[in-house]
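Starting from the given sequences, assemble the full structure and let the hints guide the process.
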Amino acid sequence: KAGVTQTPRYLIKTRGQQVTLSCSPISGHRSVSWYQQTPGQGLQFLFEYFSETQRNKGNFPGRFSGRQFSNSRSEMNVSTLELGDSALYLCASSTFSGGNAYEQYFGPGTRLTVT
Amino acid sequence: DAKTTQPNSMESNEEEPVHLPCNHSTISGTDYIHWYRQLPSQGPEYVIHGLTSNVNNRMASLAIAEDRKSSTLILHRATLRDAAVYYCILRAVIQGAQKLVFGQGTRLTINP
Numbered sequence: 030k031a032g033v034t035q036t037p038r039y040l041i042k043t044r045g046q047q048v049t050l051s052c053s054p055i056s057g058h059r060s061v062s063w064y065q066q067t068p069g070q071g072l073q074f075l076f077e078y079f080s081e082t083q084r085n086k087g088n089f090p091g092r093f094s095g096r097q098f099s100n101s102r103s104e105m106n107v108s109t110l111e112l113g114d115s116a117l118y119l120c121a122s123s124t125f126s127g128g129n130a131y132e133q134y135f136g137p138g139t140r141l142t143v144t
Numbered sequence: 316d317a318k319t320t321q322p323n324s325m326e327s328n329e330e331e332p333v334h335l336p337c338n339h340s341t342i343s344g345t346d347y348i349h350w351y352r353q354l355p356s357q358g359p360e361y362v363i364h365g366l367t368s369n370v371n372n373r374m375a376s377l378a379i380a381e382d383r384k385s386s387t388l389i390l391h392r393a394t395l396r397d398a399a400v401y402y403c404i405l406r407a408v409i410q411g412a413q414k415l416v417f418g419q420g421t422r423l424t425i426n427p
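So the sequence lines, in the order shown, correspond to chains G and S. Here our numbering = 1-based position in the first sequence + 29. Here our numbering = 1-based position in the second sequence + 315.
Among the clues, some could well be false.
Stated by the list, open to error - Not the full set, but computed from the structure, chain S residues with beta-carbon under 8 angstroms of chain G:
{"#": "1", "residue": "GLN357"}
{"#": "2", "residue": "GLY358"}
{"#": "3", "residue": "PRO359"}
{"#": "4", "residue": "TYR361"}
{"#": "5", "residue": "LYS414"}
{"#": "6", "residue": "LEU415"}
{"#": "7", "residue": "VAL416"}
{"#": "8", "residue": "GLN419"}
Calculated directly from the structure, the hints in this document are not laboratory data. The beta carbon of each residue, even a glycine, is placed where N, CA and C say it ideally should be.
Here it is, written out as structure tokens:
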């Protein structure tokens, strides 16, 4: 089975621009979660999508948004980029959301640099 | 969000057991304890999880205290490939949706 794929792997943007990151989960997985990883804050939860619905959201401003398509692929959008948005953005997929514990499978991440 | 506390770093020797501690004194009754590890330049990788009882799998063992306020990840025979940052995480289910709350993790160094 192919793993979680994220595109692009690297991205350089300028302050004020917007960016869209893409995540393709493992086949059959319906839950996709997004995380931001920075040296200072570590790994922080952004949001989770399940069956095209946002089920949970972390403490990030409204500039961070996402969506999930009917094939479970997900996109994350950040508008009006700030220098502090420079980070590794990780996507993780799992079989189900909620209920019993299911492990999440992480992609390699997209490294976003804002200049 | 319930938080976990781990030592910033630990060091061990190859082929020796490693015990990675984690404190989670504010854990709620429905939070699962998950462990993930992150190798350099990779996304986190699932290691093991448990709720109340000790758990074993091919990668590691998880020992959970009776009051569930702490747990220990045990690598039985460390190899150089086990050098990574290990995260102890509480998996909360909030309004039917799951959320992983990561701590700062423990950077494990394995000496040959």
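- Item | Violations among the numbered hints, reported as their numbers in ascending order | none
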